Amino acid sequence: MTSAIHLVDLQKSFGQTAIIRGINLEIKKGERHAIIGPNGAGKSTLFHLISGKYEPTAGSVKLHGNEITGLPPYEIYRKGLSRSFQVTNIFHRMTVYENVRCGIMWNMGYKYSFWNRVDTTEEINLKTEAVLEEIGMVERAMTPAGLLTYAEQRALEIGITIAGGADVIMLDEPTAGMSHSETEQAVALIRKISENKTLVMVEHDMGVVFGLADRISVLVYGEIIATDTPDRIKENEAVQEAYLGTEHDDDA
Amino acid sequence: MSTLTDMRRDMNARMFKQQRNMWIAVALVLGCLPLFYGGSDFALTVSIQIGMMIIFSLAYNMLLGQGGMLSFGMAVYFGMGGFLSMHFMNMIEADTVWLPMALLPVVGAFIGLVLGLIIGSFSTRKAGTIFAMISLGIGELVAASSLIFVKFFGGEEGVTGDRTMGPEMFGVDFASELEVYYLVAAWVFIATLLMFLFSRTPVGRMANAVRDNPERAEFVGYSQRFVRLISFAGAGLFSGLAGSLFAITYEIVTEETLNAVTSGAPLIMVMIGGAGYFIGPIIGAIFYTLLSTVLSNYTEIWLMYVGIIFVLTIMYLPAGLTGLLLMHNPIIKAKKLKRILPVYGKIALPVIGIFLGIVGLLEVGHYAHNASAGDMTMSLFFVSVDTSSYLPWIFFTGILVGGFMLAKKQAPSVAETYEEVHKEALGGGDK
Ligand SMILES: Nc1ncnc2c1ncn2[C@@H]1O[C@H](COP(=O)(O)OP(=O)(O)O)[C@@H](O)[C@H]1O
Ligand SMILES: [Mg+2]
Chain A
2 MTSAIHLVDL QKSFGQTAII RGINLEIKKG ERHAIIGPNG AGKSTLFHLI SGKYEPTAGS
62 VKLHGNEITG LPPYEIYRKG LSRSFQVTNI FHRMTVYENV RCGIMWNMGY KYSFWNRVDT
122 TEEINLKTEA VLEEIGMVER AMTPAGLLTY AEQRALEIGI TIAGGADVIM LDEPTAGMSH
182 SETEQAVALI RKISENKTLV MVEHDMGVVF GLADRISVLV YGEIIATDTP DRIKENEAVQ
242 EAYLGTEHDD DA
Chain B
101 MSTLTDMRRD MNARMFKQQR NMWIAVALVL GCLPLFYGGS DFALTVSIQI GMMIIFSLAY
161 NMLLGQGGML SFGMAVYFGM GGFLSMHFMN MIEADTVWLP MALLPVVGAF IGLVLGLIIG
221 SFSTRKAGTI FAMISLGIGE LVAASSLIFV KFFGGEEGVT GDRTMGPEMF GVDFASELEV
281 YYLVAAWVFI ATLLMFLFSR TPVGRMANAV RDNPERAEFV GYSQRFVRLI SFAGAGLFSG
341 LAGSLFAITY EIVTEETLNA VTSGAPLIMV MIGGAGYFIG PIIGAIFYTL LSTVLSNYTE
401 IWLMYVGIIF VLTIMYLPAG LTGLLLMHNP IIKAKKLKRI LPVYGKIALP VIGIFLGIVG
461 LLEVGHYAHN ASAGDMTMSL FFVSVDTSSY LPWIFFTGIL VGGFMLAKKQ APSVAETYEE
521 VHKEALGGGD K
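Those protein sequence lines, which keep their order, are chains A and B.
In short: position in the first sequence from 1, add 1, done, that's our numbering.
In short: position in the second sequence from 1, add 100, done, that's our numbering.
FYI, nobody ran anything at the bench for these hints, they're computed from the structure.
Please note: incorrect hints may appear among the correct ones.
[To be verified] Here are the simulated DSBU-like cross-link-like pairs (lysine-lysine), alpha carbons at most 35 Å apart as the crow flies: (1) A:Lys112 <-> A:Lys54; (2) B:Lys433 <-> A:Lys80; (3) A:Lys112 <-> B:Lys226.
[As the list claims (entries may be wrong)] Derived CB-CB ranges, DEER-like: (4) B:Glu356 <-> A:Glu124: 46 to 52 Å; (5) B:Ile290 <-> A:Asn25: 57 to 63 Å; (6) B:Leu294 <-> A:Glu196: 54 to 60 Å; (7) B:Ser396 <-> A:Glu124: 49 to 55 Å; (8) A:Asn197 <-> B:Leu426: 57 to 63 Å; (9) A:Arg22 <-> B:Phe249: 45 to 51 Å; (10) B:Gly228 <-> A:Glu123: 56 to 62 Å; (11) A:Glu124 <-> B:Phe270: 40 to 46 Å; (12) A:Gly71 <-> B:Leu294: 54 to 60 Å; (13) A:Asn25 <-> B:Gln118: 57 to 63 Å; (14) A:Gly71 <-> B:Gly228: 21 to 27 Å; (15) A:Asn197 <-> B:Leu294: 50 to 56 Å.
What you are looking at is a predicted structure, and each value in this text was computed from that prediction instead of being measured.
Note that CB positions come from ideal geometry on N, CA and C, so glycine has one too.
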């Protein structure tokens with residue numbers, strides 16, 4: 002079976018600075034894969050490389066066995082990979098309803114259509130409403146996205162990402178800045194939406210990571226120092242040394 | 101099924117009825133308007149001009165309001181649509197091609213579309229400053245070539261034609277102003293409806309999304325560049341159509357249709373009307389055309405007044421006239437307009453003072469600068485004014501400054517009253 006995402010010697014430098022320094026990683030189809038690592042390790046940069054926001058300096062990215070290195074984001078999305086952003090990235094002047102709808106139309110086949118009307122196309126609207134239901138934002142459907150609370154914007158961020166039904170979902174710190182109860186809701190949502198899909202997520206909350214992930218990769222200073230199941234990662238000495246052991250010092 | 105679905109279906113059903121009624125009303129108004137003109141050709145001419153400008157500014161707003169692209173070169177599509185329509189009109193007259201004159205705008209639209217696709221293919225790569233600069237450059241380029249390629253553009257005289265020479269359909273040969281009016285009205289209806297529908301298609305919605313956040317649009321499958329290109333081509337198409345109506349109406353097209361003034365017109369109309377609303381450009385086109393028609397009858401420097409109104413709108417009414425009207429929608433609905441009008445009346449006086457001051461200074465200055473020696477007395481606001489003395493200068497500066505200071509003093513209380521009544525109106529509406 003081909004893996005969902007396959008990275009071979011992936012590298013990225015900004016000027017002279019190497020940020021991603023040769024990553025090899027296979028993410029299996031259908032697994033929930035967490036990427037952890039200290040701030041500035043390059044987790045978001047890795048997401049940008051896979052999703053097409055940045056072009057790699059060297060190496061290759063394969064999605065379901067197909068080369069996608071250097072393709073623009075929209076083509077990678079069309080091949081079935083959808084991602085969210087660490088810094089909320091939504092359509093501020095449009096309503097919540099419209100935000101979600103934007104995430105739906107391409108994959109439903111409406112593409113660049115200028116001969117269908119969105120408000121009278123039942124299929125588009127029913128799907129939009131189902132997604133709104135799923136992310137718990139029915140009440141806020143007609144609110145401009147820019148007026149939502151932070152936690153609501155984070156939920157919408159996930160909503161836009163999953164709306165199109167992509168089979169590889171990448172979430173960059175979906176629970177960052179959320180309260181305890183908000184995090185619990187978000188985790189339940191992520192668990193639900195990632196059923197029968199491949200999930201890759203960056204997450205700082207270790208409770209969330211160890212509860213959700215099938216496998217974990219630890220990224221430190223642009224390199225993956227370990228990829229394994231949660232239990233084995235906990236016991237991994239190199240990981241403890243480089244990351245988990247110093248976590249409390251970092252936070253202080 | 102969820103409550104949201106029910107709500108949306110309800111809302112859509114209501115909106116559908118409202119919109120249908122609105123379009124019927126628009127058709128009726130367009131059809132009946134000449135009945136109120138008492139056979140005045142002047143009223144018809146102005147209406148025709150408004151119609152053309154409505155299409156042009158709606159097309160422009162496909163870029164600015166819906167797509168977030170600021171263009172300084174829309175005259176290219178308007179003018180080229182006009183010139184090629186003119187040549188086509190002459191070919192119809194010469195019997196080289198067969199086309200009813202009523203369908204000539206299809207030619208202009210096609211030219212606009214093709215040009216939009218060609219120029220858009222490289223100018224829509226980025227929005228923002230780069231797009232604006234390219235549009236300006238192309239606009240200048242085409243305007244300049246109109247004086248170089250004399251054979252095609254007819255030099256300073258332009259290209260003329262005769263719209264009555266087409267194959268007659270239903271006995272209409274467009275010899276009368278009324279027939280031209282109905283031709284323009286029909287095209288205004290069609291173009292407005294099509295542009296309205298476009299804004300509600302998947303790609304029309306994505307044009308808004310790309311305007312808001314082009315990066316995110318790319319992560320839901322849409323190339324920002326291609327979305328912009330489609331809006332751009334659409335804007336070209338309808339601008340070309342408007343240019344074609346220009347050719348039919350005036351039977352002459354000159355390089356003026358390609359210059360910066362023509363490029364600036366839709367920008368001014370859209371900003372005055374309000375770029376954020378579909379109806380904004382329509383209101384802007386009506387206001388702008390009426391204003392310039394009336395003003396140009398009374399003063400040579402009418403363009404200056406248009407410019408001043410444009411600047412004032414941008415500074416004080418960023419949502420345009422439509423925004424100003426919609427601000428009062430809840431108040432009117434709650435029948436509380438009476439409460440707010442007295443305060444508006446109070447500030448109206450100083451505002452009139454400001455305008456009088458500006459007009460006085462500009463007109464006296466203009467007259468004094470251009471008057472022949474010995475004839476320094478002009479008639480302004482039905483009073484004769486001696487432009488060689490200091491008195492009018494002091495007087496107009498006085499009311500300008502005085503009006504400004506008074507207006508500034510009263511503005512907070514006006515805003516306060518508005519907020520108060522607005523809040524009451526909203527609260528009252530809910531109960
Ligand atoms: N566009 C960029 N140009 C230069 N440096 C960058 C850029 N993006 C990220 N970096 C640097 O790369 C490093 C990794 O950043 P990032 O991937 O955001 O880390 P993480 O998500 O793991 O916290 C940081 O030191 C950051 O400053
Ligand atoms: Mg990050």
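Now for the hints, and whether the structure bears them out:
Restraint check for Lys112 (chain A) and Lys54 (chain A): satisfied, since their Cα atoms lie roughly 21 Å apart, inside the 35 Å limit. Between Lys433 (chain B) and Lys80 (chain A), the direct Cα distance comes to roughly 51 Å. Violation of the 35 Å bound is thereby established for this hinted pair. Restraint check for Lys112 (chain A) and Lys226 (chain B): satisfied, since their Cα atoms lie roughly 21 Å apart, inside the 35 Å limit. One distance hint, 46 to 52 Å for the beta-carbon pair Glu356 (chain B) and Glu124 (chain A), holds here, with the actual separation near 49 Å.
Checked against the hint of 57 to 63 Å, the pair Ile290 (chain B) and Asn25 (chain A) passes, with Cβ atoms roughly 60 Å apart. Distance hint check for Leu294 (chain B) and Glu196 (chain A): the Cβ-Cβ separation is about 44 Å, which falls outside the suggested range of 54 to 60 Å. The given range of 49 to 55 Å is respected by Ser396 (chain B) and Glu124 (chain A), whose C-beta atoms sit roughly 53 Å from each other. As the Cβ distance of Asn197 (chain A) to Leu426 (chain B) is approximately 47 Å, the hint placing it in 57 to 63 Å is violated.
One distance hint, 45 to 51 Å for the beta-carbon pair Arg22 (chain A) and Phe249 (chain B), is violated here, with the actual separation near 59 Å. In this structure the hint that Gly228 (chain B) and Glu123 (chain A) lie 56 to 62 Å apart at CB is violated, the actual value being about 37 Å. Taking 40 to 46 Å as the suggested C-beta distance range, the pair Glu124 (chain A) and Phe270 (chain B) conforms, at roughly 43 Å. The hint said 54 to 60 Å for the Cβ distance between Gly71 (chain A) and Leu294 (chain B), and at roughly 39 Å that hint is violated.
Take Asn25 (chain A) and Gln118 (chain B): their Cβ atoms lie about 60 Å apart, and the range 57 to 63 Å holds. Roughly 25 Å separates the CB atoms of Gly71 (chain A) and Gly228 (chain B), a value that falls within the hinted 21 to 27 Å. At roughly 43 Å, the beta-carbon separation of Asn197 (chain A) and Leu294 (chain B) lies outside the given 50 to 56 Å, and the hint is violated.
The structure does not agree with the numbered hints 2, 6, 8, 9, 10, 12 and 15 stated previously, though it agrees with the rest.
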